[in-house]
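So the sequence lines, in the order shown, correspond to chains C and Y.
Numbering (the numbering used here) for the first sequence: 9 to 124.
Numbering (the numbering used here) for the second sequence: 57 to 170.
Bear in mind the hints are in silico, worked out from the structure with no lab data behind them.
Only a predicted model underlies this, so the values are computations on that prediction, with no experimental measurement involved.
Ideal placement from N, C-alpha and C gives every residue a C-beta, glycine not left out.
One thing to keep in mind: the hints can contain errors.
Claimed, not checked - Derived DSS-like pairs: lysine-lysine, alpha-carbon spacing no greater than 27 Å straight-line: (1) 86/C x 67/C; (2) 127/Y x 93/Y; (3) 61/C x 11/C; (4) 105/Y x 93/Y; (5) 105/Y x 127/Y; (6) 105/Y x 65/C; (7) 93/Y x 65/C; (8) 86/C x 70/C; (9) 127/Y x 65/C; (10) 65/C x 11/C; (11) 124/Y x 105/Y; (12) 11/C x 124/Y; (13) 127/Y x 11/C; (14) 86/C x 61/C; (15) 65/C x 86/C; (16) 125/Y x 105/Y; (17) 124/Y x 93/Y; (18) 125/Y x 67/C.
Stated by the list, open to error - Ranges of calculated distance between the beta carbons of each label pair, as one might list FRET restraints: (19) 73/Y x 35/C: 32 to 42 Å; (20) 64/C x 107/Y: 35 to 45 Å; (21) 105/C x 73/Y: 12 to 22 Å.
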Amino acid sequence: GPKVLQIPSHQIIDMGQMVTLNCDPVSNHLYFYWYKQILGQQMEFLVNFYNGKVMEKSKLFKDQFSVERPDGSYFTLKIQPTALEDSAVYFCASSRERGSSQNTLYFGAGTRLSVL
Amino acid sequence: GEQVEQRPPHLSVREGDSAVITCTYTDPNSYYFFWYKQEPGASLQLLMKVFSSTEINEGQGFTVLLNKKDKRLSLNLTAAHPGDSAAYFCAVSEWDNAGAKLTFGGGTRLTVRP
Numbered sequence: 009g010p011k012v013l014q015i016p017s018h019q020i021i022d023m024g025q026m027v028t029l030n031c032d033p034v035s036n037h038l039y040f041y042w043y044k045q046i047l048g049q050q051m052e053f054l055v056n057f058y059n060g061k062v063m064e065k066s067k068l069f070k071d072q073f074s075v076e077r078p079d080g081s082y083f084t085l086k087i088q089p090t091a092l093e094d095s096a097v098y099f100c101a102s103s104r105e106r107g108s109s110q111n112t113l114y115f116g117a118g119t120r121l122s123v124l
Numbered sequence: 057g058e059q060v061e062q063r064p065p066h067l068s069v070r071e072g073d074s075a076v077i078t079c080t081y082t083d084p085n086s087y088y089f090f091w092y093k094q095e096p097g098a099s100l101q102l103l104m105k106v107f108s109s110t111e112i113n114e115g116q117g118f119t120v121l122l123n124k125k126d127k128r129l130s131l132n133l134t135a136a137h138p139g140d141s142a143a144y145f146c147a148v149s150e151w152d153n154a155g156a157k158l159t160f161g162g163g164t165r166l167t168v169r170p
């Protein structure tokens, strides 16, 4: 089936540094998402993105976070600067449509971010 | 906002037994319901997407029940086998989001013993 790839699977960085998480979405998909899962807690919606713009974001999507997908390449989540509480697994997802009964989100395997 | 509670967090059953995982949600406007399976190191795999209008949904080796009155969604694995061992997540979204913004349960780690 359709696959969403996330690179790397694990990233370790020092607090205050910048980190970019990469997502290679399903090729014909137009909508992109990031979810965050802190260890032992529920996966929570961060942001969705379409046509070069953030469509919706949650309160977890702090000012230090940004997303982009330049020229149809990776869909990225950048955190600058990182904080200890950013340690979590970040899941990328993509879908072909939004707001229709046919919409299905396909998820990647996640990137585990450890901020030291 | 929507809250989804999933029980149990851990479940261990013998091969051939049934396994039931339940989620309760709070938002009466919830319209789309999902079950995902995640094996270690792998992506979330969509097991089933359920619409608000359908109460009983049959999959391959499992049944999903939706009780709108009680705001409860359940996944019943009939005759579980070791290949079913994984983490399972329910998720809910409203009609106007059509699955674009999901609220997840906390997950259930299922172990099926031979």
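So, going through the hints one by one against the coordinates:
Distance restraint check for residue 86/C and residue 67/C: the Cα-Cα separation of roughly 16 Å lies within the 27 Å cut-off, and the hinted pair is therefore satisfied. Using a Cα cut-off of 27 Å, the hinted pair residue 127/Y and residue 93/Y holds, with the two alpha carbons roughly 21 Å apart. Simply put, residue 61/C and residue 11/C have alpha-carbon atoms about 23 Å apart, close enough for the 27 Å limit, and the pair holds. For the suggested pair residue 105/Y and residue 93/Y, the alpha carbons sit about 12 Å apart, so the restraint of at most 27 Å is met.
For the hint linking residue 105/Y to residue 127/Y, the alpha-carbon distance of about 16 Å falls within 27 Å, and the restraint holds. At most 27 Å may separate the alpha-carbon atoms for a hinted pair to count; residue 105/Y and residue 65/C meet this at roughly 23 Å. A hinted pair counts as satisfied when its Cα atoms are at most 27 Å apart, and residue 93/Y with residue 65/C qualifies at roughly 25 Å. Among the hinted pairs, residue 86/C with residue 70/C is consistent with the structure: their alpha-carbon atoms are about 11 Å apart, no more than 27 Å.
In summary, the hint linking residue 127/Y to residue 65/C is supported, as the alpha carbons are separated by about 26 Å, within the 27 Å threshold. Our distance criterion of 27 Å between C-alpha atoms is met by residue 65/C and residue 11/C, whose separation comes to about 24 Å. Proposed proximity of residue 124/Y and residue 105/Y is supported: the alpha carbons are some 15 Å apart, at most 27 Å. Taking the CA atoms of residue 11/C and residue 124/Y, the gap is about 32 Å. The hint is violated against a cut of 27 Å.
In summary, the hint linking residue 127/Y to residue 11/C is not supported, as the alpha carbons are separated by about 32 Å, beyond the 27 Å threshold. This hinted pair checks out: residue 86/C and residue 61/C have alpha carbons roughly 15 Å apart, not beyond 27 Å. Taking the CA atoms of residue 65/C and residue 86/C, the gap is near 14 Å; set against the 27 Å cutoff, the hint holds. Straight-line distance between C-alpha atoms of residue 125/Y and residue 105/Y comes to about 19 Å, which keeps the hinted pair within the 27 Å bound.
Between the alpha carbons of residue 124/Y and residue 93/Y the distance comes to roughly 23 Å, so the proposed pair stays at or under 27 Å and holds. With a C-alpha separation of about 30 Å, the suggested pairing of residue 125/Y with residue 67/C is violated against the 27 Å cut-off. For residue 73/Y and residue 35/C, the Cβ-Cβ distance of about 41 Å falls inside the hinted range of 32 to 42 Å, so the restraint holds. For residue 64/C paired with residue 107/Y, a C-beta distance near 22 Å fails the hint of 35 to 45 Å.
Taking 12 to 22 Å as the suggested C-beta distance range, the pair residue 105/C and residue 73/Y does not conform, at roughly 39 Å.
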